[in-house]
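Which chain is which? The protein sequence lines are A and B, in order. Counting in our numbering, the first sequence runs from 1 upward without gaps. Counting in our numbering, the second sequence runs from 247 upward without gaps.
You can trust all of the hints, since none of them are fake.
One-sided excerpt, in silico: chain B residues whose CB lies under 7 Å from chain A:
#, residue
1, 317
2, 320
3, 321
4, 324
5, 326
6, 330
7, 334
8, 424
9, 425
10, 428
11, 431
Taking beta-carbon pairs under 10 Å as the criterion, some of the chain B residues facing chain A (in silico):
#, residue
12, 316
13, 333
14, 338
15, 432
16, 435
17, 438
Under the rule of at most 25 Å between Cα atoms (straight-line distance), these lysine-lysine pairs were calculated in the DSS-like manner:
#, chain 1, residue 1, chain 2, residue 2
18, B, 263, A, 72
19, A, 17, B, 338
20, B, 394, A, 72
21, A, 148, A, 72
22, B, 338, B, 394
23, B, 338, A, 72
24, B, 318, A, 72
25, B, 318, A, 17
26, A, 92, B, 318
27, A, 139, A, 196
28, B, 263, A, 92
29, A, 196, B, 442
30, B, 318, A, 148
31, A, 92, B, 338
These are calculated hints, taken from the structure and not from any lab test. Don't be surprised by glycine CBs; every beta carbon is placed ideally from N, CA and C.
Protein chains: 2
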Amino acid sequence: MPNLTDHIVKSFDDQLKQLGTILVQMGTMVESQLQQAIEALISHNLKQAAQIVDQDHQIDVLDQNVSQLAVKILALRQPMAQDLREVVSSLKISSDLERMGDYAANVAKRIPALPEIITNKQIISGLSRMGKAVQQIVKNVLDSYINKNTDRALQAWRQDEEVDALYTSIFRELLTYMMEDIRTIGGCIHLLFIAKNIERIGDHATNIAETVYFMVHGSHIQGERPKSDHTISNAYSNPTTKEKLT
Amino acid sequence: MPNLTDHIVKSFDDQLKQLGTILVQMGTMVESQLQQAIEALISHNLKQAAQIVDQDHQIDVLDQNVSQLAVKILALRQPMAQDLREVVSSLKISSDLERMGDYAANVAKRIPALPEIITNKQIISGLSRMGKAVQQIVKNVLDSYINKNTDRALQAWRQDEEVDALYTSIFRELLTYMMEDIRTIGGCIHLLFIAKNIERIGDHATNIAETVYFMVHGSHIQGERPKSDHTISNAYSNPTTKEKLT
Numbered sequence: 001m002p003n004l005t006d007h008i009v010k011s012f013d014d015q016l017k018q019l020g021t022i023l024v025q026m027g028t029m030v031e032s033q034l035q036q037a038i039e040a041l042i043s044h045n046l047k048q049a050a051q052i053v054d055q056d057h058q059i060d061v062l063d064q065n066v067s068q069l070a071v072k073i074l075a076l077r078q079p080m081a082q083d084l085r086e087v088v089s090s091l092k093i094s095s096d097l098e099r100m101g102d103y104a105a106n107v108a109k110r111i112p113a114l115p116e117i118i119t120n121k122q123i124i125s126g127l128s129r130m131g132k133a134v135q136q137i138v139k140n141v142l143d144s145y146i147n148k149n150t151d152r153a154l155q156a157w158r159q160d161e162e163v164d165a166l167y168t169s170i171f172r173e174l175l176t177y178m179m180e181d182i183r184t185i186g187g188c189i190h191l192l193f194i195a196k197n198i199e200r201i202g203d204h205a206t207n208i209a210e211t212v213y214f215m216v217h218g219s220h221i222q223g224e225r226p227k228s229d230h231t232i233s234n235a236y237s238n239p240t241t242k243e244k245l246t
Numbered sequence: 247m248p249n250l251t252d253h254i255v256k257s258f259d260d261q262l263k264q265l266g267t268i269l270v271q272m273g274t275m276v277e278s279q280l281q282q283a284i285e286a287l288i289s290h291n292l293k294q295a296a297q298i299v300d301q302d303h304q305i306d307v308l309d310q311n312v313s314q315l316a317v318k319i320l321a322l323r324q325p326m327a328q329d330l331r332e333v334v335s336s337l338k339i340s341s342d343l344e345r346m347g348d349y350a351a352n353v354a355k356r357i358p359a360l361p362e363i364i365t366n367k368q369i370i371s372g373l374s375r376m377g378k379a380v381q382q383i384v385k386n387v388l389d390s391y392i393n394k395n396t397d398r399a400l401q402a403w404r405q406d407e408e409v410d411a412l413y414t415s416i417f418r419e420l421l422t423y424m425m426e427d428i429r430t431i432g433g434c435i436h437l438l439f440i441a442k443n444i445e446r447i448g449d450h451a452t453n454i455a456e457t458v459y460f461m462v463h464g465s466h467i468q469g470e471r472p473k474s475d476h477t478i479s480n481a482y483s484n485p486t487t488k489e490k491l492t
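Chain A extracted, bound-state conformation (with noise of 0.2 Å):
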C-alpha cells in the first residue's frame, strides 16, 4: 500500500512537472509563432498573418493556466527552497512568453500595411536573417529550460548582441530608403516595428535565460549583457553595457 507521504511528494512533482509541460508548450508556439511570421512577412501572405493574429489567444490561455497553477502550487504545497525559486520562476518566464507571443502577433498585424509588392529584398532578407537568429535564441532557451543546462542559458544570452547589430544595421538602412524616396516612408517605419518587435522577442528570450539561470543556481547572472544597439545615443553608458528593454 502506498505511504501518503509518498502520494504528496508524488503529486507536488506531477505538478510541477505540468506547470513545466505548459511552458514548453507555450514556447513552442511563440517559435511557431515566430517563424509563420516572417514566413507571411516574405510571401506578404496576409491569409497567414491573419491566422498569426488570431492564434495569439491561445498564448495568452496558457500563460493565466500558468499563473493559476502557480498560485493552487504555492497555496496547497508551499514549497521550499529550489521547488520555491522554479515556481516563482515559472510566473516570470509565462509572463516574458506572452509578450513574445504579442510581438510576433504584432508583426503579424503589420504585414497588410506593407506595400503589396516589397520591392527591397535586401531590407527583407535582413530581417528574415533577425528573426532566424531570434528563433535560435529562442529555441536555445527553451532547451536550457527543460534541461536545466544553464551553458545553454548562457549562450543565448550572448548570442543577443548579434540580433542587436543586426537591428541597428536595418535600422540604418531603413534610413537610407527613406530618404530617397519618401513615398517609402510609410512602409518603413512599419518595417522598423517590425524589427523592433523581432529585437524585443530576442531581449526576452535572454531575460528568460537569466531566470533559468537564477532557478538552477539561485543567483543571478555576474556582469552586464553585451550590447550592440547603436541607433541611440551612447553618451550616457559604455556601449557594452545592457540597455533595458525599453
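Fit chain B to the given chain A structure using the hints.
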C-alpha cells in the same frame, strides 16, 4: 505579555505593508521619472536627461527587493486567499513598474539624438499632452492600489483610450513632417519611438489597474479595454478591441 499568535500575525501584516511601501515608492519614482523626461524633452536639457537614465537603476533595485521579499513571505508565511493574491499581485505590479521606468529612461536616452532646438512646437506639445495624460493614469492606478479602490482602477483603465488617440495623431503628424522635409526623418523617428514609449507606459499602467482589480475581487475585469490606436491595420480586429502590449 503579547501572545505568540498575535506576534506572528502582526509581523506578517508588517511584511505585507513593507511590500506595499516599496511598490508605492517605485510608483512615485516612475511618475517622477516620466515627468522629468517630458521636462527634459521640452527644454532639451541633456543634463537632466542623463540624470533620468542614471536614476533608473534605483527602480530596478526596488523591483529586486519586491521579488526577494515576496518570495520570503511565500516561503515563511504561506499566505492564503486574498493575502496570497496580494503577494503574487505585487510581483506583477513590480515588474510592470520596472518596465515603465525603463520606458521613461528610454525617452531620456533619445533626447541627445534629437536636433538641439526642436523647432516643431506642435509635436512637442502633443508629446507633452500625452505625457501628462499618462502621468494622470499612473497617479490613478497608484491611488487605486493604495486604497484598494477598484473604481479608480477601472477609471484609469478606461483613460488609456485617450492616450492611444493622442499617439495615433502624433504618429500621423510625424509622418507628414518626414515627407515634407527629409532632413527631419532621423529626429522624427526618435520622436516616434518616444511617443511609443510613453504610450507603453500607459499600457503597463492599465495592466496594473487589471492586477489591482484581480487582487481585490479575485476575478478579472470583464470586457475588452477600449482602444484607439489606428496606426496599424485593424483589418483583423474590431477597432474597439484591445491591442495587446507590443
